[in-house]
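*Asks:* Residue strings, one per chain:
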Amino acid sequence: MASTILEMRDITKTFPGVKALSNVNLSVEEGEIHAVVGENGAGKSTLMKVLSGVYPTGTYDGQIIFQGQECHFKGIHDSEHKGIVIIHQELALVPMLSIAENIFLGNEHARYGVIDWNANEARTSALLKKVGLKEDPKTLITNIGVGKQQLVEIAKALSKEVKLLILDEPTASLSEKDSQALLDLLLEFKRQGMTSILISHKLNEVNRVADKVTVIRDGRTIETLAKKDISEDRIITSMVGRSLDDRYPPREPDIGEVVFEVRNWSVYHPLHADRQVIKGIDINVRKGEVVGIAGLMGAGRTEFAMSIFGRSYGRRITGEVLLKGKPIDVSSVSRAVEHGIAYVTEDRKTYGLNLIDHIKHNITLANLGGVSRHSVIDDMRELAVANDYRKKTNIRASSVYQMTGNLSGGNQQKVVLSKWLFADPEVLILDEPTRGIDVGAKYEIYTIIARLAAEGKAIVVISSEMPELLGITDRIYVMNEGRMVGEMPAAEASQEKIMRAIVRGEGKAA
Amino acid sequence: MSTEIAPAPQGNVAEEQRPRIAVSALTTNLREYGLIIALIVIMLFFQFTTSGTLFKPVNLSNLVQQNSFIIVMALGMLLVIVSGYIDLSVGSVAGFIGALAANMMVIWQLGPLSNPLVVSIVCLIVGGLIGAAQGYWIAYHRIPSFIVTLAGMLIFRGICQALLGGGSSVGPLPDDFKMLSSGFIPDVIGPLTLIPPTVNAAGKTIMGSGLTLHMTTIVLGLIAVLAYAYFGVRTRRKRERHGYEAEPFPLFVIKTLVASALALFLVYEFASYRGLPVVLLVMGVLISLFVFVTKRMTIGRRIYAMGGNAKAAQLSGINTERLTLMVFINMGVLSALGGLIIAARLGQAVPAAGLGSELDVIAAVFIGGASAMGGVGQVIGAVVGGFIMGVMNNGMSIMGVNVDWQQVVKGLVLLGAVIFDVYNKNKA
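These protein sequence lines map, in sequence, to chains A and B. Using my numbering, the first residue of the first sequence is number 1, and each one after it goes up by one. Using my numbering, the first residue of the second sequence is number 511, and each one after it goes up by one.
Careful: at least some of the hints might be erroneous.
Unchecked claim - Derived SDA-like pairs (lysine to any residue); straight-line CA-CA distance at most 20 Å:
1) 821(B) - 381(A)
2) 805(B) - 338(A)
3) 821(B) - 334(A)
4) 805(B) - 374(A)
5) 805(B) - 385(A)
6) 821(B) - 356(A)
7) 805(B) - 313(A)
8) 805(B) - 370(A)
9) 805(B) - 383(A)
10) 748(B) - 334(A)
11) 805(B) - 402(A)
12) 821(B) - 313(A)
What the hints contain is simulated information worked out from the structure, not anything from laboratory work. Keep in mind that this is a model prediction, so the values were computed, not measured.
Here chain A stands alone, though its shape is the one from the complex (with noise of 0.2 Å):
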């Protein structure tokens, strides 16, 4: 077996309040496939982006060794002239320059800053075709699709003579087709010598290529698997092996009959008229009770939620939604919410928030008519409503004219919660409700959420974080790939099964 290529030694990184990554250790072999694997937020990316120099040292604790040199990375570029190579889940192409100014773009082949264009495509036509990639290299980033545009991240990596290739879920945005053709060029790579850590939780995939796999939980190494022992079981096992203790406040459901519906719900993509996102969704929500949706990064559940709520996503919208058994009108999002329908974004920052007005405004923007009369905004009653808003979810502040924007995560959540509560909805969707904010904070939305569940409101929470799933709902759909794979009363529901649920809707969809 050859030597080690890279060796991360007890590498621990804090947020201020979190600990992101304590005492992890990974080791890769040169010309192997290493898979690192876990959940979304268990610490992946994290990982990666102290290897490649995106946290510089000094800011973790810990040894990088790569070929046998201890390595203090101050910046990417460091990484990258070590030959580390990562490629990120979000593609950074300049979507209007060509393949070409691309692979070159801040290395290019110039003289005196003048470009030599001809000795530039000509590597780039050497280049596409190692990855297979048949284009001109003048053509423009946008005219191609994204499958072909992660073979040009790939192609830009190799102009840099990498040694060691990392890919950032490199399969999340591609069709199986796409897929498939990228983890052969992976598999032709290793044939050539070359070493690569590829982060996925497709486990299929991993299972296929992966000669090793690491997994990472909550920030901690939990084993590395060697080829023998790979197995989508056994991976999941140590995924997900946790205990659920008390994070979740206890509460008693009172379910009584269907409230919300949506019925053979299908949308396609706003820019790709024939990608279809939502294929055929039935899912329906009953007066008191919490429903899950579960489902990996990219499963099409936000879009879902979106397109329900007055079309804020995708064309060619089609399907039924009923409220207590009658067809409504969300063609807008003022008419969902005159349904009674709140969607609770699971981007505040970007969808939520006036971050540069202060919590008061917030709070009644999406129901002014609570506050108005003839168009007229009660000064008074708008104070206190926001004040009786702000003690009921504990928004700690130093006034309701705080500004959102600086207030933390936790509490950010907790007014974009508030202003949809006063919009007084029937049927609540939360969308990761408690991403990026800090175990205190999410006990208390999840305390929230019950009593508003206790009130008779139909609440679909959705979230990437199968423990909370499991903790605060009463009932979970699973989804993948615009479809409904699964559903399971949560008192049956384990993580396994929903992640077995997810990997077979994946085999499916093949």
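Following the hints, position chain B against chain A.
*Replies:* For chain B alone, coordinates are given in the frame of chain A:
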């Protein structure tokens, strides 16, 4: 990411808040106070350098009449900029409307339609349609407002010149129409002579001697000041009754007294000349209306929300497309009013009317503290910004500063005001 503060017992929190709110009331309003103080300092500076000419009643009337169209258009521009857009066409639209009005009243012989009042109403409607035409592309097709209104700037300047038949001007306009800019409100109460004018040996009165007050102006001014104080006290009472701290009492008293004293001083100045200019009355009504709309009405709140985060506003059920369209219709109507005011002041329509005024209007809004990113800006700020520009124009002209250098100074003031803003924001 900041760590969360541990929850404190409720009682303590409320007590701790009191002094903090007092301080924050002062700091949050510092920008507004600072701006007004800046205006006063600039006025005193020119009062001194022009040896007292600036505050002469006749000059104050001139100042208002010369700059009112900038302030009227700045009201619309404030909403445009708060929404996150820009409108470069306002000067050209004003010029075009002036030409249209002059043609309707002087050239086209429209019979009863040539009546100044009818013409004015038609022109305001046309302005609204122009705003709608531009706003449509911006709101529903997402064409950048910079480009749409740059096109509008060229188009309407061209039409303006074509309507005037090349380089000529159309006039004279009827006296009734000119009242809009150069008229004064009638003295229905009758003048009060405090000091009779001096009569010289030839039996003629000496201009500017004696003191006669325009009583209607005085009465209107007193009513306005009393109303301002009354509503201020009422709002305070209401806040206190609901158990919320208002701004500290001494601060409130000082603010009210200073504002009232300033207002009364200006009222006295106007009363001792020919009374309140009509255009100042129009402006005052519009300013009050826009303060009310932006501070108290739901549509105002929605405009700020849209400018602060359009996506979040949309997902809160706000129809951002329609709102954008309305903001531009409003801008069109106010540009038309600006055009009418310019034409009325000049007594004729000229091809260069309003030329370059879009830049003065935009500068007024930014000096007034609006953010180029949208979501931030106050009506009063834009008005004071407009007056700062106007006082500088007027003062420097009296001082005999060359027009070229006037532009340099105005540019520096704009830059300085915005740097001051950004610096303050970063420090906070």
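*Asks:* Hints first: check each against the structure and report whether it holds.
*Replies:* Structure-based check of all given hints:
1. Restraint check: the Cα-Cα separation between residue 821(B) and residue 381(A) comes to about 26 Å, which exceeds 20 Å; the hinted pair is violated.
2. Using a Cα cut-off of 20 Å, the hinted pair residue 805(B) and residue 338(A) is violated, with the two alpha carbons roughly 25 Å apart.
3. Between the alpha carbons of residue 821(B) and residue 334(A) the distance comes to roughly 14 Å, so the proposed pair stays at or under 20 Å and holds.
4. Restraint check: the Cα-Cα separation between residue 805(B) and residue 374(A) comes to about 14 Å, which is no more than 20 Å; the hinted pair holds.
5. Note on residue 805(B) and residue 385(A): the hinted pairing holds, with a Cα-Cα distance of about 18 Å set against a maximum of 20 Å.
6. With a C-alpha separation of about 14 Å, the suggested pairing of residue 821(B) with residue 356(A) holds against the 20 Å cut-off.
7. A distance of roughly 32 Å separates the Cα atoms of residue 805(B) and residue 313(A); the hinted pair therefore is violated under the 20 Å criterion.
8. At roughly 17 Å between alpha-carbon atoms, residue 805(B) and residue 370(A) fall within 20 Å of each other, so this suggested pair holds.
9. Taking the CA atoms of residue 805(B) and residue 383(A), the gap is about 14 Å. The hint holds against a cut of 20 Å.
10. For the suggested pair residue 748(B) and residue 334(A), the alpha carbons sit about 32 Å apart, so the restraint of at most 20 Å is broken.
11. With a CA separation close to 18 Å, the supplied pair residue 805(B) and residue 402(A) stays within the 20 Å bound.
12. Taken as a hint, the residue 821(B) and residue 313(A) pair is honoured in the structure, with Cα atoms around 12 Å apart against an allowance of 20 Å.
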